[in-house]
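**Student:** Build out the structure end to end from the sequences listed, making use of the hints.
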Amino acid sequence: MSAVQAVHFIGIGGAIMHNLAISLLKNGFLVSGSDVALEEPVRIELLNHGLLPAGQGWFPEKINPGLSAVIVGSAIENQNPELVAARKAGVAVYSYPEFIYKQATDKQRIVVAGSRGRAGLTAMVLFTLHYCKRPFDYVINRPLKWLPDTVRLTDAPIIIIEGDESPGPLDQQAGFLHYQHHIGLITSINWEQNSPFKSEEEYVKQFDAFGDRTPKGGLLFYCENNTLATVVGAKQRPDVLSIPYKIHPHTSEQGNHFIIAGKSKIPVQVYGTQNFESMSGAMELLRRIGVPSDKFYEAIQHFTV
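In terms of the numbering used here, the sequence shown opens at residue 12 and continues consecutively.
Check the hints yourself; a few may be wrong.
Here are the simulated lysine-lysine pairs, BS3-like style, with alpha carbons at most 25 Å apart [as the list claims (entries may be wrong)]:
1) Lys274 to Lys306
2) Lys144 to Lys37
3) Lys99 to Lys118
4) Lys118 to Lys227
5) Lys306 to Lys156
6) Lys118 to Lys306
7) Lys246 to Lys216
8) Lys246 to Lys227
9) Lys216 to Lys227
10) Lys276 to Lys306
11) Lys73 to Lys113
12) Lys216 to Lys257
13) Lys144 to Lys306
14) Lys37 to Lys156
15) Lys156 to Lys144
16) Lys246 to Lys257
17) Lys257 to Lys306
18) Lys257 to Lys276
19) Lys37 to Lys73
20) Lys99 to Lys113
21) Lys99 to Lys37
22) Lys257 to Lys274
23) Lys246 to Lys209
24) Lys113 to Lys209
25) Lys73 to Lys99
26) Lys37 to Lys118
If you're looking for bench data, these hints aren't it; they were derived computationally from the structure.
None of the values given here were measured: they were computed from a predicted structure.
**Tutor:** In structure tokens:
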């Protein structure tokens with residue numbers, strides 16, 4: 012029998028961090044964590060699982076060589092006292108994307124990246140798989156009505172990841188680069204002044220690297236309605252199939268909204284350019300992993316945010 016792994020979270024109050032901590036606890040890990048601020052409902056969730064830190068702040072004495080890993084949130088500074096202590100103690104340190112990858116090496120990894128529309132498209136993929144009763148794991152930035160946790164790690168054969176571009180303290184690469192996807196999708200690339208990447212050039216480089224990391228035999232989807240996503244997605248990469256998608260045909264009548272499939276009009280509860288683009292991308296991705304279009308159209312009628 013393998014030894015129980017002990018992990019410590021620096022920044023356990025993060026949206027993904029605290030759910031990853033809970034998921035690991037359920038999977039038999041010994042889990043501890045620290046943070047400077049814990050707000051509701053995160054504090055209650057950690058308390059209910061016996062993971063609420065005794066005090067708020069950073070406590071280097073929590074770090075010891077017996078830890079299997081220290082997991083660091085994206086908001087943690089490079090000189091955080093616990094992070095410094097972990098390095099001195101020789102404990103393996105991971106950003107949460109790096110650690111999630113380690114837990115998902117035997118799964119088909121599907122990562123949705125993009126400046127806009129990422130969350131909605133990911134949710135449509137997850138909803139359809141849920142509707143079709145397909146087993147899957149996932150990582151999302153915000154909980155959904157029908158998926159209250161932001162992380163699930165089980166023995167499911169695939170994992171769907173909403174890929175955040177925020178770099179952590181361990182390197183200056185976008186977080187989505189650490190998942191080592193088999194299938195990638197880029198919804199859009201739109202640099203803004205408040206981006207953690209200081210220039211549009213540096214920002215676009217993250218997505219170009221994402222495309223370049225698609226393995227041989229892998230798939231890369233991109234929205235051809237977005238100029239930079241098309242530049243990155245349409246780039247020739249050996250043995251990678253690049254698949255463009257665009258806004259799904261749609262119509263509205265008397266306040267009701269429909270997507271059009273052949274001669275059929277399928278009612279939907281969400282609408283707008285972004286949602287219709289996301290429907291097209293989600294359908295194309297799902298079709299490539301064995302969910303036929305007719306099942307997507309059946310499911311999407313019930314999808315709400």
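**Student:** Does each hint fit the structure? Answer for all of them.
**Tutor:** Okay, the hints, checked on the actual structure:
1. Lys274 to Lys306: The given pair, whose Cα atoms are some 17 Å apart, holds under the 25 Å limit.
2. Lys144 to Lys37: Holds, at about 22 Å.
3. Lys99 to Lys118: Violated: Lys99 and Lys118 sit about 33 Å apart, past 25 Å.
4. Lys118 to Lys227: Holds, at about 16 Å.
5. Lys306 to Lys156: Since the Cα atoms of Lys306 and Lys156 sit roughly 21 Å apart, the hinted pair holds (cutoff 25 Å).
6. Lys118 to Lys306: holds (23 Å)
7. Lys246 to Lys216: OK: Lys246 and Lys216 at ~13 Å, within 25 Å.
8. Lys246 to Lys227: holds (14 Å)
9. Lys216 to Lys227: holds (20 Å)
10. Lys276 to Lys306: Given that 25 Å is the threshold and the Cα spacing comes to 15 Å, the pair holds.
11. Lys73 to Lys113: Given pair Lys73, Lys113 holds - Cα atoms ~23 Å apart, limit 25 Å.
12. Lys216 to Lys257: holds (23 Å)
13. Lys144 to Lys306: holds (11 Å)
14. Lys37 to Lys156: holds (21 Å)
15. Lys156 to Lys144: holds (17 Å)
16. Lys246 to Lys257: Cα-Cα ~17 Å, so holds.
17. Lys257 to Lys306: holds (20 Å)
18. Lys257 to Lys276: holds (18 Å)
19. Lys37 to Lys73: holds (21 Å)
20. Lys99 to Lys113: Status holds; Cα separation ~23 Å.
21. Lys99 to Lys37: violated (29 Å)
22. Lys257 to Lys274: Since the Cα atoms of Lys257 and Lys274 sit roughly 19 Å apart, the hinted pair holds (cutoff 25 Å).
23. Lys246 to Lys209: The hint holds at about 24 Å.
24. Lys113 to Lys209: violated (30 Å)
25. Lys73 to Lys99: Holds. Lys73 to Lys99 sits at ~13 Å (cutoff 25 Å).
26. Lys37 to Lys118: Given that 25 Å is the threshold and the Cα spacing comes to 19 Å, the pair holds.
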